[in-house]
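Peer 1: Dock chains B and C against the given chain A, drawing on the hints supplied.
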Amino acid sequence: MEILLQLVYSGIALGMIYAVIAFGYQLTFQTSDTLNFGQGDALMLGAMVGLTLVNQGVNYWVMLPLVIIFGMLQGAVVERIGVQPAIKIKSEFGWIMSTIALGIIFKNVAENVWGRDDLKFPSPLPEAPMQFLGANVLPMEVLVVVGAVLMMLGVEFFNRKTIYGKAVVATFNDRDAAKLMGINTGLVITFSYALSSATAGFAGALIAPLTLTGATMGSVLGLKAFAVAIIGGLTSGLGIIVGGIILGIAETTTGFYISTGYKDVPGLVLLLMVLALKPAGLFGKTAIKKV
Amino acid sequence: MLSIKNLEAGYGKVQVLHGISMEVPKGKVVTLIGSNGAGKTTTMRAISGMISPTAGEISLNGKRTDGMESFTIAKLGLAHSPEGRRVFATMSVTDNLTLGAFPRLTGSRPKGDVQGDLERAMELFPRLKERRNQLAGTLSGGEQQMLAMARAVMLNPEIVLLDEPSMGLAPILVEEVFRIIADLKSRGVTMLLVEQFAAAALKVADYGYVLENGRISVHGNAAQLQNDPAVKAAYLGGGH
Amino acid sequence: MLSLVVFLALLAAAPLYTSNPYYIHMIGTIMIYAILLFGLDIVVGYTGQVSLGHAGLFGVGSYTAGVMFMKLGAPLWLIIPASVCVTAAFGALLALPALRVTGPYLAMVTLAFGTIIQILINEMTFLTEGPLGIKVPKPDLFGAKLTEHEFYWLVLALMALSLVVVDRILRSQLGRAFEALRGSPVASDCMGVSVYRYKVYAFVISAGFAGLSGCLYAYSEQYISPNTYNFELTVLFLLAVIMGGRKTRSGAMLGAAIIVILPKLLDDLEMFRQVSSVLAVLMLVGAIVAIAKKITTPRAMAIPVVGTLALAAFSFWLQSITDWRLSIFGLMILFVVYYLQDGIVGFFRKLTSRKTSRGEAYHAPSDAKDAITVAASASGKEVGGELLIAKSVLMQFGGLKALNDVDLRIQRGTIHGLIGPNGSGKSTMMNVLTGIYVPTAGSIEFCGRSVVERSSADIALSGIARTFQNVQLFGEMTALQNVQVGLHHTFNSNLLDVALNTPRYQREDESAIARGMGLLNFVGLADLAGEEARNLPYGKQRLLEIARALALDPQLLLLDEPAAGLTAPDIKELIAIIRKIRDHGITVILIEHHMDVVMSVCDAVSVLDFGQKIAEGKPAEVQANEKVIEAYLGAPAV
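Chain order of the listed sequences is A, B and C.
Just so you know, this note's numbering puts 15 at position 15 of the first sequence, and the rest follows in order with no gaps.
Just so you know, this note's numbering puts 1088 at position 88 of the second sequence, and the rest follows in order with no gaps.
Just so you know, this note's numbering puts 2536 at position 536 of the third sequence, and the rest follows in order with no gaps.
Next comes chain A alone, as it looks inside the complex:
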């Protein structure tokens, strides 16, 4: 029982990371019907840049906002180079392939800059596990959950309370009408990509102390986050948290009770099942297409 609870805690922490990445997918998909297939690599870059800063002596808590800024720049670059031209020529194939291409390039650059080995990220919190409801929980895991929730709440607050956030939601609702309000929807899309990469990078810096940090850490995470985004629904905010937790726990339990090799399988199975039964996701709404 204690082990199961521990698995649940780890699963929740893991799931929150998936949720944050999936959140990034939602941000861009809602405003532009596109998403960044290299999102996992944005997470990796956040972790690597964070590691470099921390190794230079920068305090972990100071590093976090710096990584966020870096992420925003990286996201803007991805949007300008990869997505904007594809939106102009209305090619789905275009942005899928170019975000993949950029992801590949980022990963390759990271391999060359930081090497191909996995590195240890010094943990800002004590590494000794705490007791919670009779099972072990790492302080870092708690930080991950808290950080992820704060990040998502922060963006929600931005969307609901500030005029710029409302402009983003307006763009998602009706791009043409938003333009009539004087909103530069092109900038909105760039901004949503910047924000999306920033959340991914932030997630990377959060999870790095818990796992091995290396150039390949992002790809699989980005993939799992796909599953979460689909399970939760590409248009619903709450769904991805639930979806993330479900997937996280499914993975940790599979990994323990069946085999570590198979722990990546529940993601795909859940993904296929959700698409087969409720394509809009557990919480999503099916949109009516107007002809």
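FYI, nobody ran anything at the bench for these hints, they're computed from the structure.
There may be inaccurate statements among the hints.
Stated by the list, open to error - To list a few chain C residues with every Cβ distance to chain B over 12 Å, as calculated:
(1) A2009
(2) A2257
(3) E2630
Said to hold, decoys possible - Output of the computed footprint for chain A on chain C, the stretches with three or more beta carbons under 8 Å from beta carbons of chain A:
(4) 2317-2326
(5) 2521-2533
(6) 2588-2594
All values derive from a computational prediction rather than experimental measurement.
Each residue gets a CB set at the ideal place from its N, CA and C atoms; glycine is no exception.
Peer 2: Only chains B and C this time, still in chain A's reference frame:
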């Protein structure tokens, strides 16, 4: 204030407007009437920048605006309440109205008293006041139309483009809409009004243009056009 | 055609020309990849879907072969079909859920699949030997083990066969369906070609080819391990399809050659430096020439020129090229996606401005009949009687009632007009009748069957055809091909018939061409049969839509503002055609704003306003009706 010369526009292979010219003087209400397919909405879209004209000139207060992006034109003070309502469905009525004032809140236009204007808009459209926190997508067709109009006025614009404000409204609401238009007129708001309901439009307007198959067939003082048989013909087909 | 035969002959002769097994093996690999790419092109090039898991499918093919050999000692003639079928089954498993909704879901699912397959192959050591891999010697055929050369010829034969089969598929009604669903999904569904079903077919077919390819690859390499089937390979496959040129077989073969040779090129730094320098110079010269000839502007050429120069400079700075291989791939992808959308083959075709010959010249059949047949055996078909009964239809979007308690009864054999001001609900009614919207409430019966909750494709096949307010033709297909999509329902031939070119298929194909020409003749477009639909003048496009709709053998034809944007002479022609359609026994519902059209051609007219029916009757009655006048002009004296 708004000047259009030899405007041509269309969608892809289909040319809808074949060279129309119009003037909207400051403080006046001008109406553009015509049957469906004549090109009224295309004209509005070309003016507000939703589509780019293929030829011709559009000037707002002397400044050329043809070919500009719609968000740039909005910042110059042109508000467009588009055909089909186009409200922001997942946002509240209040948020929709606030977004109408986006350029004022972000420095592109003089700020003025946004909160006060919000309250005044609610007074002008009592139905919206009752539903201020309701999601715009759950409003009825008529209420959405009102919201779109009120949202346009929130810009504190130089000129308001109203594209078929009566569309989808029950007769009682249509009366209300035209009463509001008359009220705005009395405050000196310049308006370009596109309408299917020729009679009511001509009653409230100062000047009218009749659009037929992408060309201006008749224009003149609204009062004169009201009794013109050519206007009726333009709608119901010749002979009746 | 001749060039293809010559090319294949040259390939066949290759082993006789060079005895170096390295090159034989390399060409063999190119051909094996080409088989996969033929299939991938169907998905990516024709239906426009993105698959990020073809390396995984390739792996399934290889491992099916490997496992069957190792565990069962199965012979070649059993292994090949098994690989194809197993991989196709996996393809179905992926495609069936992923393609139900439009969006990047197939890409996401196949990406996940590719990763999972690698993991599973690694983990299921009891089946696959995991990371150790499986040794697969050359297969036995007719009792003797194949030599390198003999295996090479086997691969060549299978590639040629694949090429022929894929080509036949794409020229058939299946290929048209694939192109149609990309051109206009809505129109495709409404012509009875279910978008979902054909997207799945396309993916499953491509999976089959991937399986064949994987199987041959296992024998070719004589050793398979999980590492090969990774994401990098999938990316290379996609790069091959787009760089070579989509929608062409030669593009696929060229692409295969590129991705086989490229990694070898990128291992040799010296060679890379030379090639990139040459490339930069070529690009610079080409750009100067193109700008001088006014084909393009300096601005458009800035990025490619600077890019290739920077790449050349970068190559001289590099110490080792292998580390940067992936970045080079990434840059190539970016370049191809934005600057070389039709691939190399497409680029050269455009340059030599060979008009993509979209088919042979057609001539109208000698008896130039109108070729309209009404789904004759509609049981109990009386003249008169009600064909369509809609009761209390309610269509609500959020708080908006687009149709509010509408009743509509259409008499068989009549032309029924549906008019009303903008926003009154006419187009919504059309969409409800053709299954694009599901009504919130109410019932709709057509020929005694309910229409509600059935798919658009199903409704189309049961006898309701339509045209669209905004023309929804399959732009890149010819006029005749557009009509042939409407004739899709006349084909009973399946994949095997098409692949083997059976007499049944040939008959159906010829008859479709003849009927298609007849329908084009009916609307007066016979001499434009070979023109691409998007090049036709607007008025003719509208007529083509009508011809295509008639191909469904409908009992009810819905025309959505057919006269919009037409000139006066075109309108006259349209009215004549509508009358002819009615004379053939087809019932018509006509949405129109041109009052003259409505008045002159309709037997009955219904008027909608604010989603409700406000008047109904003969045209003259309706035109004089006070409520109608008020709806259009507004209250006369307020």
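Peer 1: Give a verdict on every hint.
Peer 2: Cross-check of the supplied hints:
Remark: the non-interface label on A2009 (chain C) is consistent with the geometry, its nearest Cβ contact in chain B lying 46 Å away (cut-off 12 Å). For A2257 (chain C), the non-interface assignment is confirmed: its Cβ lies about 39 Å from the closest Cβ of chain B, beyond the 12 Å cut-off. The Cβ of E2630 (chain C) does not lie farther than 12 Å from every Cβ of chain B; its closest approach is about 9 Å, which violates its non-interface assignment. A count of 4 residues in the region 2317-2326 of chain C with a Cβ less than 8 Å from any Cβ of chain A is obtained; the coverage claim is therefore met, three being the minimum.
Coverage of a stretch by a chain is defined here by at least three residues with a beta carbon nearer than 8 Å to that chain's beta carbons; for the region 2521-2533 of chain C and chain A the count is 0, and the condition is violated. Only residues whose C-beta sits within less than 8 Å of a C-beta in chain A count toward coverage, and the region 2588-2594 of chain C has 0 of them, not enough to reach three; the restraint is violated.
Violated hints for the displayed structure, listed by number in ascending order: 3, 5 and 6.
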